[in-house]
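A.B. asks: Since the structure of chain A is already known, use the hints to place chain B on it.
Line order of the protein sequences matches chains A and B.
Take 83 as the starting number for the first sequence in our numbering and just add one per residue.
Take 83 as the starting number for the second sequence in our numbering and just add one per residue.
Hints listed in this document are in silico derivations from the structure and should not be mistaken for laboratory results.
All values reported here derive from a predicted model rather than from experimental measurement.
We put the CB at the ideal spot given by N, CA and C, even for glycine.
Some hints could be false.
[What the hints assert, rightly or not] Here are the computed lysine to any residue pairs in the SDA-like style, where the Cα-Cα straight-line distance is at most 25 Å: (1) A:K285 / A:V393; (2) B:K125 / A:V440; (3) A:K426 / B:S179; (4) B:K125 / B:S94; (5) B:K285 / B:W296; (6) B:K426 / A:G182; (7) B:K166 / B:S94; (8) B:K426 / A:G152; (9) B:K125 / A:D324; (10) B:K166 / A:A163; (11) B:K125 / B:G164; (12) A:K125 / B:R331; (13) A:K166 / A:G152; (14) B:K426 / A:A183; (15) B:K125 / B:K166; (16) B:K125 / A:G182.
[Stated by the list, open to error] A few chain A residues that don't get close to chain B, going by computed Cβ distances all over 12 Å: (17) D178; (18) G182; (19) R184; (20) G247; (21) E387.
There are 2 protein chains.
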Amino acid sequence: MTEAPSSPARRSVRVDLGDRSYDILIGPGLIAAAGAEISSRMKGRRVAVITDEHVAPIYLEPFMRSLAGGGIQAVSLVLPAGEKTKSFPHLMDVCDSVLGARIERNDAVVALGGGVIGDLTGFAAGIVRRGSRFIQVPTSLLAQVDSSVGGKTGINSRHGKNLIGVFHQPDLVLADTDVLDTLSPREFAAGYAEVAKYGLIDKPEFFAWLEKNWRDIFAGGDARIEAIATSCQAKADVVAADERENGLRALLNLGHTFGHALEAATEYDSRRLVHGEGVSIGMVLAHQFSARMNLASPDDARRVEAHLGEVGLPISMAQIPGSLPPAETLMDAIAQDKKVKSGKLTFILTRGIGQSFVADDVPPSEVLAFLKDKYPK
Amino acid sequence: MTEAPSSPARRSVRVDLGDRSYDILIGPGLIAAAGAEISSRMKGRRVAVITDEHVAPIYLEPFMRSLAGGGIQAVSLVLPAGEKTKSFPHLMDVCDSVLGARIERNDAVVALGGGVIGDLTGFAAGIVRRGSRFIQVPTSLLAQVDSSVGGKTGINSRHGKNLIGVFHQPDLVLADTDVLDTLSPREFAAGYAEVAKYGLIDKPEFFAWLEKNWRDIFAGGDARIEAIATSCQAKADVVAADERENGLRALLNLGHTFGHALEAATEYDSRRLVHGEGVSIGMVLAHQFSARMNLASPDDARRVEAHLGEVGLPISMAQIPGSLPPAETLMDAIAQDKKVKSGKLTFILTRGIGQSFVADDVPPSEVLAFLKDKYPK
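Chain A on its own, in the form it takes in the complex (with noise of 0.2 Å):
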């Protein structure tokens, strides 16, 4: 986590979606480059910068710099930091904002931060004018690796997270990998989770060279810009094939699910658990299910444990702090998550470690008797 990627050399990812296709770019020091970036991409010569108060301090000054060396005019607002911006009152902060800057057609709205700034003001810009452009520069790795690819937007409802939002497809994703050196590592390994979840869906291979390499993935070694641009092919390839979650895409909600549910259970309290840790115990969970069922041997819930425990993340409910609610409540939640048809639970589940897939009819009685048993008692 000292050391800067000792690669200078910068990847590209293609997201291939016909006339909303666009690039993600992936390396350090693209946010001093950021200007020339966007201003040799885009007709307007105006943007609407939102970010929080944890990256402001650090990356706000520079990138606005950069904007400006690149012609650009722009604007900024700063939100509070943490998953509780994800609402309705910031998001009418975020749409004012962009609003008063006057931002028009061929200008756009930028995400630097996290995954809470990115689906936030995506959904933002998203709605605005009923759809503006929108470049995401993501300082954290799970945004690098997973929220700002794809173009799902939104916010969270008190019956659950990201219950309210669009698809809105960034025209650009600048991903420097320089800002991850400034990440905590419980940060880091939080967006780790995501990286492992790519192998853990179909690439048996990349979750093999996760287990030899995640050290020098940690360290910011050559390894860490080949993960990143590896996942987010992996996400790109998903989805480019479907778009907008009518079938294959759901695979990327493994571990989501319980996940989202222990999310809700803990209040979005990033204190007790952040998004990445609730997917690394929801992975352990969804392969625990699975080899419960009889789908998967139970010693791939056990490498999936070994690795994720060893890396530092999270691996059962028992590791998060304070209590839970009783397991119905936990039930409850995952019943509303919005990954349900006429009552029956979609699940991702597994064959083995790289052979997930959608189950659709999964009993919520089996699923509120495994939880129990494995509860914190």
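C.D. replies: Relative to chain A, chain B alone:
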């Protein structure tokens, strides 16, 4: 206005949008038939009905009874009536109500009301779970011939009208022509402005037919269903050709740039000006401005003025009760309107009755001079 439509004939108009195609049913008795019509078209068995304080006392109970008769479970939410309901706080109310009712992907959100309820509810349907099924039951003439068709949804911002929203097509539109008998003459006339608009855009023979038949339309005769079906078909054709307003669809904004600015100038106060009245004055101004720019004959502007005046619509800014802000303020609202590209104004102008076109290089100085000229002294 006192007789029910004498013809029981029901008309159906198809909006052709590939896998998002849908039917508009037009005719008497459709509220009573809603349960059967919805039930036969929808897999889910739950709906959330959003309506307002004016509509609820008359139509909510019969509508809910009709749904129950069709085997559909429904919850309802009654909002304040009026343009100010198109706001973030009410959007949040609607989303919360829909999520609280556990509306799933095969279920639907229903707008029972005029344009305000339709725009707000459609927006909520477009963002809950990133897009839910949506049924329009328009109860005003304006909503039946305009806002319920075409998928534009949204709310207002302090920066202008409809600046925040999404494109979200309904799955079905039920236009019960019986409900028009309960509209005030002022409301009916306001909706009629949009009917006349379709003639003025590109159907000179329809405009001539309206000049002859408007009394029968206002009285609820056969011409009424005919006029509504022709209007819906006209809008459906434009929307099918240009769903997301990249070109042709802009023609539907004839009279709307001036109209929206006047609505903003009167602070969306329906006692002073309702949308259709703004459009009426706006269409007259668009024809007068076209004549001033030597694009059309002043005779055409006078013909438009004469017909809209005859049916009881306002045709000049002087008819708006109370004082208007300075012309410069109006101009500012026009420049902030969403139909602006790189500082030049986009207006719908005309070469004569039924010969409208998109002009995207209108000099703001000409518009301001024209407005000052027409301003109430």
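A.B. asks: With reference to the structure, classify each hint as holding or not holding.
C.D. replies: Hints, one by one, checked against the model:
1. A:K285 / A:V393: Holds, at roughly 19 Å.
2. B:K125 / A:V440: Within the cut-off at roughly 21 Å; holds.
3. A:K426 / B:S179: 22 Å, holds
4. B:K125 / B:S94: 21 Å, holds
5. B:K285 / B:W296: Between K285 of chain B and W296 of chain B the Cα gap is close to 16 Å, so the pair holds against 25 Å.
6. B:K426 / A:G182: 18 Å, holds
7. B:K166 / B:S94: 32 Å, violated
8. B:K426 / A:G152: 24 Å, holds
9. B:K125 / A:D324: Satisfied, since the Cα-Cα distance of roughly 23 Å is no more than 25 Å.
10. B:K166 / A:A163: Outside the cut-off at roughly 31 Å; violated.
11. B:K125 / B:G164: 33 Å, violated
12. A:K125 / B:R331: Distance of about 23 Å is within 25 Å: holds.
13. A:K166 / A:G152: Status violated; Cα separation ~34 Å.
14. B:K426 / A:A183: 17 Å, holds
15. B:K125 / B:K166: 34 Å, violated
16. B:K125 / A:G182: 43 Å, violated
17. D178: 7 Å, violated
18. G182: 7 Å, violated
19. R184: Violated, since 7 Å does not exceed 12 Å.
20. G247: Violated: least Cβ distance 5 Å, not greater than 12 Å.
21. E387: 32 Å, holds
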